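What follows is the residue order along each chain.
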Amino acid sequence: MPAKASRAAFGEALIELGAANERIVTVDADLSKSTMTAKFAKTYPARAFNVGIAESGMIGVAAGLALAGRVPFACSFACFVVGRFETIRVSVAYTNAPVKLVGTHVGVAIGEDGYTQMGLEDMACIRSLPNIPIIQPADESETKQAVAFAVEHDGPLYLRLTRQNLEQVHDSAYRFRFGRADVLRAGSDVTILATGGTVWNSLEAAKKLADGGINAEVINVATVKPLDEDALLLSAGKTGRVVTVEDHSIHGGLGGAVAELLGEVMPTPVKRLGVNGFGESGDAKGLYIKHGLDADGIARSVAKFLNR
Amino acid sequence: MANPDIAKLEATAREGRVQIIRMLTHAGSGHPGGSLSVIDILTVLYFNRMKYDARNPTWEDRDRFVLSKGHCVPAQYFCMAKAGYFPESLLLTLRKLGSPLQGHPDRMALPGIEAATGSLGQGLSVSIGMALGLKLAGKSARVYCVVGDGESQEGQIWESLMSGPKLGAPDHHLDNLCVVLDYNGIQLDNFVKKILDLEPVVEKIKSFGWPVVDIYGHDIAQIDKALDQAEAIKGAPTFIVAHTVKGKGVSFMENDPEWHGKAPKPNEAVEAIREIVGEPVPAWVEPIIAELLSLEKK
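First to last, the sequence lines map onto chains A and B. Quick note: the first sequence, position 267, residue 262 per the numbering used here, numbers continuous. To convert a position in the second sequence, counted from 1, into the numbering used here, add 12.
Only chain B is shown next, with the shape it has when bound in the complex:
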């Protein structure tokens, strides 16, 4: 989009990081590493890119967003709360009995979630189907899908990579689809390189017929520019390889497989949040810190 307000988007992403840490600490479980690596991408999508109406989540001309790496849904929940899909207070019900904020995205529980995901490898196929369906319906809406790097070891991802640039042709090219790889290099057990290396990932995906845009996934301007490029590309869906850092923004979580799927303890959360917001601690963060410290006393 023209002239994104970079500073404002960066501030929103920082707020997202604080809320991710906060909600995971309340939940007592979840996936901080990948939520922190994907938050800048989601911030740009939700606040400078996608067309949607939070008060009318089923608006038929909306852009669709599918978080195929569903375990990082806390980042999406923050964006949805911020966008007005539900009150911010609901974030603290994440993973709790009766909450629509399920541990992994649940379309039936939470309006605005487009597909249940978290069983890895499926969201990209569903996104391709959505993009094709929108084309068949003559809609101009776009589909955005975020996949993980560990997730990309799933066979179904490669089925989708094969079909994405071809399905629907010649009548319909799925240039209304943009896939973003959150390439943080770490999966549950270890570094992706040590488990099953994806490299050379750009070359591989290009060879399947996707135009590929290679960016640093924590640079708001780069993300936005890549999404511009994706919109401009006609005749094929676009694949953005976003190089990211797992746990980005919290130095003791960064690039450490231990923080793939472990919630911080309250004292760790406070330390993380202080690092994210820096000095002096903004006024809106002070009650959150107090709230987390009170959790520790319990």
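Bound conformation, chain A alone:
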């Protein structure tokens, strides 16, 4: 499969699922061409709603739709969706309205638009809410399966999607399972836990590390909340060293979640790779190099962490 942005895979999946399920509706805030729900709106105009540039209203309307039995996908850039945290906190989480929150354009990988459009703290915020799972798929096939899961999931949920194309990391036999991490490459020296757009780079890094004699295990953590504790503990117990990789703040996202888990259950040295500070404009590749999220950067950080 050619590389595809998870937002694009999401848009395609929603149209397919929408054919069989009339309850699926979309609520957008003037970014439907970017969140890729525009084609859904064209296909099912009576089930697509655009509230204008009003994300709080979008989330509230989605909550009401969900409470009235619809399956609403409320979509915008991750920073704008989760930026309306208080509405998510009360109208979605505390109300337990089964809204599917979709945040696209995550991380510094969006590039030139710069920090104000980058979702960098969204997982940290959503993680603090007791009943909203976070799913961040790594490729097209995983995205499509995650969207299908979101439709069936009886509760609120947050889907974190990329602007940039993602290489396929799974084979055609792969089946997404909610709450389960999947080992993409087995290894014994270090565990690399990656999510979303950094999974492919982590696999590439593992190849480079192998050249230097480091045998890295690479695990795709598509469900960031709840963490697959058993799988993570099993791997960390085996390797004794854990590196997390995410296009998100190193505070409170995957790295935070893993550090919390290991700190409480099985103290293990953890290195968090991600963004430590604000983002900025630039080309995506250059930004990944700057933040050490490219394959070379990840490999370097892992080797250094292992004192190799």
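No lab work stands behind these hints, which were simulated from the structure alone. In this text, all values refer to a predicted model and were calculated from it rather than measured experimentally. Be aware that a few hints might be false.
As the list claims (entries may be wrong) - If you anchor each label on the Cβ, the simulated ranges turn out as follows: (1) A:174 - B:306: 52 to 58 Å; (2) A:258 - B:72: 42 to 48 Å; (3) B:206 - A:281: 52 to 58 Å; (4) B:109 - A:37: 49 to 55 Å; (5) A:48 - B:264: 44 to 50 Å; (6) A:174 - B:174: 35 to 41 Å; (7) B:207 - A:291: 54 to 60 Å; (8) A:125 - B:309: 40 to 46 Å; (9) B:104 - A:123: 30 to 36 Å; (10) B:108 - A:246: 35 to 41 Å.
Every residue gets a Cβ at the ideal spot worked out from N, C-alpha and C, and that includes glycine.
Got chain A sorted already, so can you dock chain B onto it with the hints?
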């Protein structure tokens, strides 16, 4: 509704005022002013308007009620108890540890609450979504949402005011939605006019495309008639501006910002209740007064 029993509804609202004072005194905190300003509106909604089944709170054809100004939920709790959602005795657990009667409405704790509210400005958006969802499902049920005037300073309210008359069109007009503004003129810090005046509120809301009905929110007949009008209006949701008095019914609370968010002490509660029910004190009120006086001794 045809020929509402005005005297009976007025008696129910009086009972509501007594129970609001009673439960807030037991709780030791809460919001009497806005609960007293909204009780007549809620009384008409719960006892002469909305379709619901208190024994089956999730009945899918029920009308929905969202109290966007969630801090005034004691008024709603009274109505729900009276309607049979839960026993009246539960009213005295308001705000206490383990009670489903949370300080602000909690959908998961109390069946019959349609949405968590109290973080102001959100309930109207949720109500619009509900109205749209019901239309999409082909239901004839209606959605009623009560907002506050202080609350209407929230930006999200204006997002909703913009979208309410337009969202869903042309397939679905949200004429199944009726919003009531409890316009009591006071917010926590001071009079609304002194903090951030909403005027000219009728003109503003009309200009957003809502048919507006302007009433006195303590006149049961006017409230009922306005709700009739709202049901008759097709093609757009209706907005009722209900002019009310904060603390209505208790002269020492009326129109005083101090009583926005302060529970009465037992002796104040007794004074308030005596004024609400008048002379002679009805038999059902006597034990409540005795109970409040015993609180004072504690």
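Subject >> Violations among the numbered hints >> reply: Failing hints: none at all.
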